[in-house]
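Student: Residue strings, one per chain:
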Amino acid sequence: MTETAHEGQLAQSRPPRAGKALGPRYQAAVLGFPDYWYPGVLSRHLGKKPVAIKLLGQNLVFFRAHGRAYALRDLCAHRGMPLSYGTCLAEGTVTCGYHGWTYDLATGKCVAALTDGPDSPAVGRYAVKSYPVEERGGIVFVYMGDGNPPPLEEDVPEEAIRPDWTQQVVVSVWRGNWRAAVENGYDAGHAPYVHRNSLRWRTAGSLQPAWATAVGSEVVGPYLRQKRGKPGPPEADYPVIGRWPRHSWLRRFLAEVGKKPGRQRPYPNEFRLPCMIHNKYFYYTHIRWAVPVDEHTTRNFQVYAGHYQGTRSLAFSLHYWLWHRWVFHMQFNGQDEWIVERLDPEAPERLYRPDVSIRDLRRYVESHARTGDAASSNGHGSGSPE
Amino acid sequence: MTETAHEGQLAQSRPPRAGKALGPRYQAAVLGFPDYWYPGVLSRHLGKKPVAIKLLGQNLVFFRAHGRAYALRDLCAHRGMPLSYGTCLAEGTVTCGYHGWTYDLATGKCVAALTDGPDSPAVGRYAVKSYPVEERGGIVFVYMGDGNPPPLEEDVPEEAIRPDWTQQVVVSVWRGNWRAAVENGYDAGHAPYVHRNSLRWRTAGSLQPAWATAVGSEVVGPYLRQKRGKPGPPEADYPVIGRWPRHSWLRRFLAEVGKKPGRQRPYPNEFRLPCMIHNKYFYYTHIRWAVPVDEHTTRNFQVYAGHYQGTRSLAFSLHYWLWHRWVFHMQFNGQDEWIVERLDPEAPERLYRPDVSIRDLRRYVESHARTGDAASSNGHGSGSPE
Amino acid sequence: MTETAHEGQLAQSRPPRAGKALGPRYQAAVLGFPDYWYPGVLSRHLGKKPVAIKLLGQNLVFFRAHGRAYALRDLCAHRGMPLSYGTCLAEGTVTCGYHGWTYDLATGKCVAALTDGPDSPAVGRYAVKSYPVEERGGIVFVYMGDGNPPPLEEDVPEEAIRPDWTQQVVVSVWRGNWRAAVENGYDAGHAPYVHRNSLRWRTAGSLQPAWATAVGSEVVGPYLRQKRGKPGPPEADYPVIGRWPRHSWLRRFLAEVGKKPGRQRPYPNEFRLPCMIHNKYFYYTHIRWAVPVDEHTTRNFQVYAGHYQGTRSLAFSLHYWLWHRWVFHMQFNGQDEWIVERLDPEAPERLYRPDVSIRDLRRYVESHARTGDAASSNGHGSGSPE
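If you read the sequences in order, they're chains P, F and W.
Here the working numbering is used: the first residue of the first sequence is 32, the next is one more, and so on.
Here the working numbering is used: the first residue of the second sequence is 32, the next is one more, and so on.
Here the working numbering is used: the first residue of the third sequence is 32, the next is one more, and so on.
In isolation and in its complexed conformation, chain P is listed as follows (with noise of 0.2 angstroms):
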């Protein structure tokens, strides 16, 4: 399924408008779509004690039990205590702390009200809210929207959790709601700005160019993949400003023996419901996943993966820890977490050429964003960006 949407589109040179026009469902999803699975906790994170998250605006609180994953509500059917603070008696179960009302982490069902009695009427009548978990490459992944999840494949990019491929994962809190935080990482525009002069970009072996050119997305299967134009040059003549990129030292140096400058990336970027932006690399692919956890927070899941195994799956997890954590994962990123986190979330918009990408993405999850309805039928929704 490929289709193509918005070429051109700012060709036609209509003024963009002042405002901020989301649709209507774009508009409401404010703690995201929940028909999807999203990833919910780390493994390694994930050991003998509950972790207690919010996630979609709800109180999830995730176990481990017999090596396996479960999630439940984080609310006792009873009187409200939080089951994060309960105690295992039985492994498989949890019993909250204020009656001792106990559940099973599989299904949620309260299995005994300790003090009550063996004989409680409670047991198996009440049960809270438990949700479908897959944990993979890593991660603990949880399905909280209605009726029953697709499978983990149709929503998580095999990189990402294949047994052949290797992964890294790391996960940052940023204050600043999904939508900011994903549309920053299809915004085809900032990059050039806020991250020439993050390590990795400096190091990268190429002059960037000073400017991105968006040209309009296309839908490549369950992706939303930005279409570039004939990249800018490495610098420019601006009237006010003048010459920009002003190259530092090593810029020109790195130029002087002969990189190529203006070189663009090969692959573009992509976005992927429910808030995924996913990039591939020469030998890598970098997804991220920006949560909603509440309003004004988002959790992001980064994933660092390659198609390696054995040795060479270890020398590239070493190349993870020494180099790519600290300067794509922290210092790249950690310049995107500081622009999400002062924007004004009620400012006016006014769009500029890049911003076709903005708009792209708008519309693409606007017409895109699955249903509950649809959740169990069709993967990836159906219909144009239009």
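Hints in this document: simulated from the structure, not taken from any laboratory.
One copy or two, it doesn't matter: identical chains are merged, so the pair holds either way.
Here are the simulated DSBU-like pairs of lysine-lysine, each with C-alpha atoms no more than 30 angstroms apart in a straight line:
| no. | residue 1 | residue 2 |
| --- | --- | --- |
| 1 | K140 | K51 |
| 2 | K51 | K160 |
| 3 | K140 | K261 |
| 4 | K51 | K85 |
| 5 | K79 | K140 |
| 6 | K311 | K258 |
Assemble the complex: chain P is given as a structure, and chains F and W must be docked to it using the hints.
Tutor: Just chains F and W, lined up with the frame of chain P:
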């Protein structure tokens, strides 16, 4: 006046409903019922400096003058400066820190407006609200209701105020509504789970039963008293959990040396309006007021009282300070505080058999809570808890 | 233009009403009246780094370029990034930290959108709001109103800005609404009580009267000036309080050595729109603007100005830094800050005789505050304080 309420209610086995259905008066009383005497401040905390506290959502300030205690609304009638920032220029008065309006502590009347000269027309014309107070048993009680207050004895147990009793008092602030604090105190179900590992129970010389059987409540004078059914065994076999409680070697040892297991307290749990938990023990009485501060805060006054005088009074107090204060008033009640501060007050409820106690309490409050009209004529309300 | 207002108002002895009745315009002006020049930032605080402040509820950012000061709304027109996080790539411009939109500081117009290339259609099409500023007497003044601003001299006293005067300025932030800060400044009643023990009054060489007699106000040019009646005695006998003030040995000693007691300042208290307290003293003028920040915050600019030049200017400034700054601008005004931050803005009021000053002030503001329409035609409003 003795009534029997709700016994066997659960025998009918109607399924408890989800949701949280409180009666309209109890539901509205988020800041408590004003037409009662409440403990306001400890005598030993009220010296020369005024003490400003919030009570039932109102800002009050307590003073001491000529050895007596007084309470005013903590707001100058003139321009809204809190009187707790004022100064004492003549004993029995307070002078506001802004313009020198001076109030008589006993009546609240403005007796001078310094910056308007001795002939100020404000004198005698304006006043701040003053509240009736009585200081007994180490506590300054205050009446914030409409009309004349009833005699203090109508609202306060004699153990707490009679001079031939010995009282020791402690105050602690819980971050939770007073209703959660009171309901926790009358809750028949939580003790066998929450307090099982308290030092008080471990050393109480008994093996507590695995569960407490609540069979209803009866109205005994100003108290709503729990009725106890046959106590549960010291341990039992539960389907999924297996044997519980799992007794420690200490408890097993205590059982070996002949302590009778499964013994219940001879005197049951009692509630008294407006917000009191009352427990008689062998040689002392424990009283806890859960005084409403604001919607999310409660000030707990715990009294430990024994009918002792002279040397025995000293021994009683010594026992309190060496043992009871830390083990009961701090650790044991700290377990309840830990619960109350973690409950979600908005969570729907699904009640179980021991919650007959909660339902009795709620119905009793709904039907018996004093209104302003009845305050001076009828001390503890009337009618059945129906 | 001189009008007499309300003299003898209180002689009619109508009982002041409870409640807090402000006129509709003054009541609505919780964030101040915009159609005036306001002090924004001190010259010595505005260097190469932009200074972001909130003023009248709006986020502003001040810049300095080519020695001149500029003010813009602190929000990029594009996506809502504050411009105070931006960078200066060419003097006289600011470049937003997100996508490189660059604005001219003088006009607010977008002069470059770096990441869209030199031919970006955004250039010249978009702009951020820029505010007129004037830098005089060590203060950067800003006009946030509609239409063209009036001449600065129409809103700012010449003492504060004329180069043949010497000015010393200090800024402090109070946690309270600007109206409480202004009313406190014009309040005739509080000084004899609040400031009695200030070091400034103790050493002012006079025994302040026990009370100040307020008999009304008159409009003198752009000022509302208090009229003073016969001053009260240095001390008096009050019914309950007895003799007050109780003079310290220092004050008694000063009285002994011949200082005339009960002397009042020759120049009375003055208010000037939009938010200024103006006091002339023997050898200096004191000006305090209570600039609205947000509903609960005020930024106070205090100017200490004397008509001195050359060596005498140095001596004047030295006196300020060695004495006046600490004793008047810090301690004395700190007493007012302490009051304003503790007032309950919702409290009902009951006014007394000295509050004729408060009533005059409120009526004057209600009838004289400039509207956007009149801004350029009429400097300080018109009409009587009726």
